[in-house]
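Undergrad: What follows is each chain in one-letter form.
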Amino acid sequence: MVDQSAVGRSFTPVTARVEPGRLRYFLNTLAEQNPIYRDEQAARAHGYAGTPVPPTYLFCLEMMDNERPFEFLTELKIDLARVLHGEQRFTYHAPVVVGDTLTFKSRVTGVTDKKGGAMTMVAVETEVTNQDGVRVADTARTIVVRNQEPA
Amino acid sequence: MSATATSHPAVGDRLVHKTFPPVTRHTLALYCGASGDHNPMHVDIDFARAAGFPDVFSHGMLVMGYLGQALTDSVPPNRIRSFSTRFAAITQLGARLTCEGHVTELIEDKGEKRARLALTTKDETGEVKLAGEAIIAL
Chain A
492 MVDQSAVGRS
502 FTPVTARVEP
512 GRLRYFLNTL
522 AEQNPIYRDE
532 QAARAHGYAG
542 TPVPPTYLFC
552 LEMMDNERPF
562 EFLTELKIDL
572 ARVLHGEQRF
582 TYHAPVVVGD
592 TLTFKSRVTG
602 VTDKKGGAMT
612 MVAVETEVTN
622 QDGVRVADTA
632 RTIVVRNQEP
642 A
Chain B
47 MSATATSHPA
57 VGDRLVHKTF
67 PPVTRHTLAL
77 YCGASGDHNP
87 MHVDIDFARA
97 AGFPDVFSHG
107 MLVMGYLGQA
117 LTDSVPPNRI
127 RSFSTRFAAI
137 TQLGARLTCE
147 GHVTELIEDK
157 GEKRARLALT
167 TKDETGEVKL
177 AGEAIIAL
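Going down the list, the sequences are from chains A and B.
Residue 492 is where the first sequence starts when you use the working numbering, and the numbers rise one by one after that.
Residue 47 is where the second sequence starts when you use the working numbering, and the numbers rise one by one after that.
Please keep in mind that the hints were generated in silico from the structure rather than gathered at the bench.
With beta-carbon atoms standing in for the labels, derived distance ranges:
1) A/Met-612 / B/Pro-68: 27 to 33 Å
2) B/His-63 / A/Ala-533: 21 to 27 Å
3) A/Lys-605 / B/Arg-71: 28 to 34 Å
4) A/Glu-566 / B/Pro-86: 16 to 22 Å
5) A/Pro-526 / B/Thr-150: 25 to 31 Å
6) A/Gly-601 / B/Leu-184: 31 to 37 Å
7) A/Pro-526 / B/Thr-65: 19 to 25 Å
8) B/Thr-65 / A/Asp-530: 20 to 26 Å
9) A/Thr-506 / B/Lys-159: 34 to 40 Å
10) B/His-54 / A/Pro-511: 34 to 40 Å
The beta carbon of each residue, even a glycine, is placed where N, CA and C say it ideally should be.
Extracted from the complex, chain B is given alone in its bound form (with noise of 0.2 Å):
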């Protein structure tokens, strides 16, 4: 992503485009440790079955955590100004995310120019999995 790009962009521009591999087992167990959320949901196959579910599957914030790092491929850390999501449906193992943002609206806030991105995740279904926004400055 050029940066005239980030910084002149036009609503319907595509500024976030990035694919992971798969989430892995593996992926989860250092999550764990890596982020301090110990829930045994996302690492134990017995608590996520006597919760009732089939298998472990993603921590949410893991997926909102590649959001993350598709977003600031193409804008800089400190020119977000806010980054949220709703956590659509659970992300399962062996998902393959795609993240994407797209300018929504170009907006000026505390004297800056700033765009509004809107955010998803998708696994290699087309499910979505985060719909979200962030605000950039320009």
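With the rest of the complex left out, here is chain A (with noise of 0.2 Å):
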């Protein structure tokens, strides 16, 4: 079980880069219609360097680009199966668009039991940077491990 002893552990970086084509996947998948995302022009227009990413879209780059996607849950021996998102939370600083090479760095910064150690909370925090070394983004995730089978 996951203790307090994960608290502070990074993991590898991962690096992602905006593309396109990948982009679009994901606004079809959402019905996403909103010009802004696939008009680099109408992009430009409201004052963008390219088109735009949605709010949610940086988790994806993360898990899409890593070379162990679930390299977190494994080292931490945390199974898959008992895995539920708890939080999530994005914290923007500069604008992200079609092109940038994004680096993601994370660390464990919290592990706290509930429900009597039915679930255990883990809490990541993760660094965004672009490929100028400007930090454009902070998130953070709390994933719920259920320790015990559902009733």
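Please assemble the complex out of the two chains, which come individually in their own frames, going by the hints.
TA: This is the structure:
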């Protein structure tokens, strides 16, 4: 079971390129029609340096280009079948546009038992920087580990 | 949503409102590929049952993706300063989701006028799936 010794653990940085084709697949999946994401000229006319990405897409980029997408679970010996997403936060510092190359650096910031040990909450925070070294975002997720079978 | 409504909102204003078609197995399969989240829980019923669930269920981040879409229908992405949510309940197949956001506070931070929005995503029964917040620049 994951315990306090996990706090402070960091994981292999992930480098991801914001590719137009993969972004289009995401937009199509969510039936996203907003022209700001689909028409570079429209985006530039609204003051963007290029086509921006939707607000949750950073989470996808980190998983897509990770050599081991579930490294954090594997390293902490957490069974994928016992995991639920508890909370997610994005804090944006600078725009991310198609063509950017982003680096994600993640570390465990908290492990908390809940409901008498029936669940464990694992908090992971990630710094996101772009190809110019600009910190574009911070993300934070809380993973819920079910230590017992659901009733 | 008019530019005026998002640049001069008042506490209580509803800035975000959008409904989505039912969550299907097909959407979950597509999202698995589109998001890079290949967790079989969302696409493989055998895996979900072995884990103690009756069926596959939605990625939380698909639901947050819909909430983000509803948000940026009203607020340009470069005016969102933060966006967060708690995943309050599992979103089942067939769920018809409604996303809403209301202004709860007008604030000033780093010399910028901002608004705090309370965000929710509910299914067709009114059950809250996501309870979140965004800070937007006005």
